[in-house]
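There are 4 protein chains.
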Amino acid sequence: MKMTQAELTAFLDSEFPQMRPLKLRIEQWDGATLRLAMPITEQNLRPGGTVSGPAMMTLADCAAYMLLLGLIGPVALAVTTNLNINFLRKPGLGDLSAAATMLKLGKTLAIIELSLYSAGVDEPVAHSVLTYAIPPARRT
Amino acid sequence: MKMTQAELTAFLDSEFPQMRPLKLRIEQWDGATLRLAMPITEQNLRPGGTVSGPAMMTLADCAAYMLLLGLIGPVALAVTTNLNINFLRKPGLGDLSAAATMLKLGKTLAIIELSLYSAGVDEPVAHSVLTYAIPPARRT
Amino acid sequence: MKMTQAELTAFLDSEFPQMRPLKLRIEQWDGATLRLAMPITEQNLRPGGTVSGPAMMTLADCAAYMLLLGLIGPVALAVTTNLNINFLRKPGLGDLSAAATMLKLGKTLAIIELSLYSAGVDEPVAHSVLTYAIPPARRT
Amino acid sequence: MKMTQAELTAFLDSEFPQMRPLKLRIEQWDGATLRLAMPITEQNLRPGGTVSGPAMMTLADCAAYMLLLGLIGPVALAVTTNLNINFLRKPGLGDLSAAATMLKLGKTLAIIELSLYSAGVDEPVAHSVLTYAIPPARRT
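Chains as they are written, first to last, in numbering that gives the first Met the number 0: chain A, 0 to 139; chain B, 0 to 139; chain C, 0 to 139; chain D, 0 to 139.
Derived by calculation from the structure, the hints in this document are not laboratory data. Any given hint could be a false lead.
Since the list can't tell identical chains apart, any single copy or any two copies may satisfy a pair.
As the list claims (entries may be wrong) - Taking lysine-lysine and the DSS-like style, the derived pairs with C-alpha atoms no more than 25 Å apart in a straight line are:
id, residue 1, residue 2
1, Lys106, Lys89
2, Lys89, Lys103
3, Lys22, Lys1
4, Lys106, Lys22
5, Lys106, Lys1
6, Lys103, Lys22
Bear in mind the structure is a predicted one, so any value in this text is a computation, not a measurement.
So here's chain A without its partners, still in its complex pose:
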C-alpha cells in the first residue's frame, strides 16, 4: 500500500475538484479491496427512477483509479485504456458502491475488476473490468 485511505480521500478532493458534486467517499481501503460509495441524487437518475449507466461507469472508473493509486502511489499519471462493464440488475434508489480489486498489477498495465452494489439490492448490479496504462516514469 502506497497511499492510505485518508491520503486517497485528500487526493481525490484536491486533484478532481470537478468530482466534488458527486460526493464520492472511500468507505474501505485495506490494501486489497477499495470500496467507493456514491449517493444517488436527482442528477444520476434516468426516467423511471433508474440510476444512469454513465453514473455507474463514473463510479467504476473512479474506484478503479483510486485502487491503482493506493497501490502505486500518487506520482503516476495512469490512464484508462479499456473499460468493459456488464449491467446486471436494476439498481434501487439507495447509495451505489463499488468494490474494486486488482487482477494484475504489471509494469505497464494494471487490470482491475469491480462489482457495483446498490443499497437494498443483495446481488451486484453491475460488474466491470478496467485496464490502465502506467507510464514509464513509474518504472524508474
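Please arrange chains B, C and D on chain A, whose structure you already have, making use of the hints.
Using the frame of chain A, we list chains B, C and D on its own:
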C-alpha cells in the same frame, strides 16, 4: 428509420432533462449513422486538460441509445447490458462527437459500434461497442 | 441445479464429439462453481512454450457453457453473444483449469465470470466474462 | 509496412506449425487491411452445423497478430492482453474470413478491430477488438 433527427432531439430533451447541462446535439441521422456532439466544458475536464473518460462514456451511451431509438422507435424501454470502450488517444479541448452505427439489430439484442472524435484530432480518440436488451413489448 | 456433474460430462462427450481430443474434464460442480480442466499438449502450445490464447478461450467458452447447462438443463440451445477475456500472466506447462460462476441468470441473457488457472501458477492467468443468449423455448 | 504478404505467410507457416491444420491463408494485405481466411471443416463445427465460437476466436486472434506483425515486423514478441468479441449472426458452412485494421498502434499497446465474414452471408457474423502489448525491445 422510425424517428427523425428532429423527433430524436425532442425526445432527448423531454425524456432526459438531466442531460440538458451536457448540451448534446444530434448532428447527423440518415438512417445508418447517428452523430452526436458534446461541447467540452470545465466540468468534463480532468487535471491536465484531458476530457474525462466518464464524459466520453456518457456520450457513447447516449449516441448509441439515440441510434437504437431512431431505428426501433420511442416505445421501447431498451437498457444497456454491456459497454466496452477502448481509449485510443488523448482528446483535445474541442467538441467531442460520436458516430454510431448498428452492427446487429436483433429481436432481443442490439449491438452498436461507435467511434469518438475530438475536434482537431484526425483519428478517433475512442472506440466503443455497446449492447442493448430490447424488451419483449417491442416484439409484438 | 438441473444437471449433475455426471450428466454434464456425458452431455459434453455425446454432443461435442469434436471436443474429445481436448480431453476436457469437469472437476467440480456444486451448483455454484463449475471447474473444467484441460491438459496441455503440443497442439495447444505457441512458440516459446506458451499456451495459446485460443486454447484458453476454448476452455473458457466450454466451462461457461457447462455452467449454464448445469443451471438451466440440456434443453436450451444457448449461444455465446459476447466474450471478453483479459490475459493476465504467462501460463506454465501444467494443466489449465477454469472456474466459472454465474453473475446473472436472466430470462434471455446469462452472464458468467471465470478465472483461468495454470497448474503451478498461484494467481489466475486469465479472467473472462461471457454472455449467452437463452432462446425463448427455455422460458416456457 | 514492415512485412509483405509473402513474408507473413512464410512466418505463419514456420513459427506456428500447430496452426497448419487450420489451413489459414492471407488473402489481402495492403498495409491497412489484412484479410485472413479459414476453411470450415468438420472439426470447426458445432452440433447443428454452426461454426464454433473458439474457431472464430482463433481466426480473430491470428488475423490481428498477422496485421500487427505486418506493421511492426517479426522481431516483436507481442502478446494478446485483451480480446472482446461479439457474435452477431449464425455463420454458414462456407469459408470464414477476418478483415483486420489497426485502431491504434502505440509504443506499448496496439488496438485492432476486425469483422468476421462467412462466405454466403452478407453481413459480418462477428466483430472483435483486440489489444496486444508490445514488449520494450520493439521500442529501441
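Regarding Lys106 and Lys1, is the shortest C-alpha distance of 25 Å or less found within a copy, between copies, in both, or in neither? within (16 Å within a copy, 27 Å between copies)
- Query: Taking 25 Å as the upper bound on the Cα-Cα distance, should Lys106 and Lys22 be classified as within, between, both, or neither?
  - Reply: neither (32 Å within a copy, 36 Å between copies)
For this session: Since the copies are identical, ignore which copy is meant and state whether Lys22 and Lys1 lie within 25 Å (CA to CA) inside a copy, between copies, both or neither.
Result: Cα proximity of Lys22 and Lys1: one copy only (24 Å, versus 40 Å across).
Copy assignment of Lys89 with Lys103, given that the CA separation must stay at most 25 Å: between (29 Å within a copy, 12 Å between copies)
Status of Lys22 relative to Lys103 across identical chains (alpha carbons, at most 25 Å): neither (29 Å within a copy, 29 Å between copies)
Please sort Lys106 with Lys89 into within, between, both or neither, judging by C-alpha distance up to 25 Å. This pair counts as between: shortest inter-copy Cα distance 14 Å, intra-copy 37 Å.
Of the numbered hints given earlier, the model fails hints 4, 6; all others are met.
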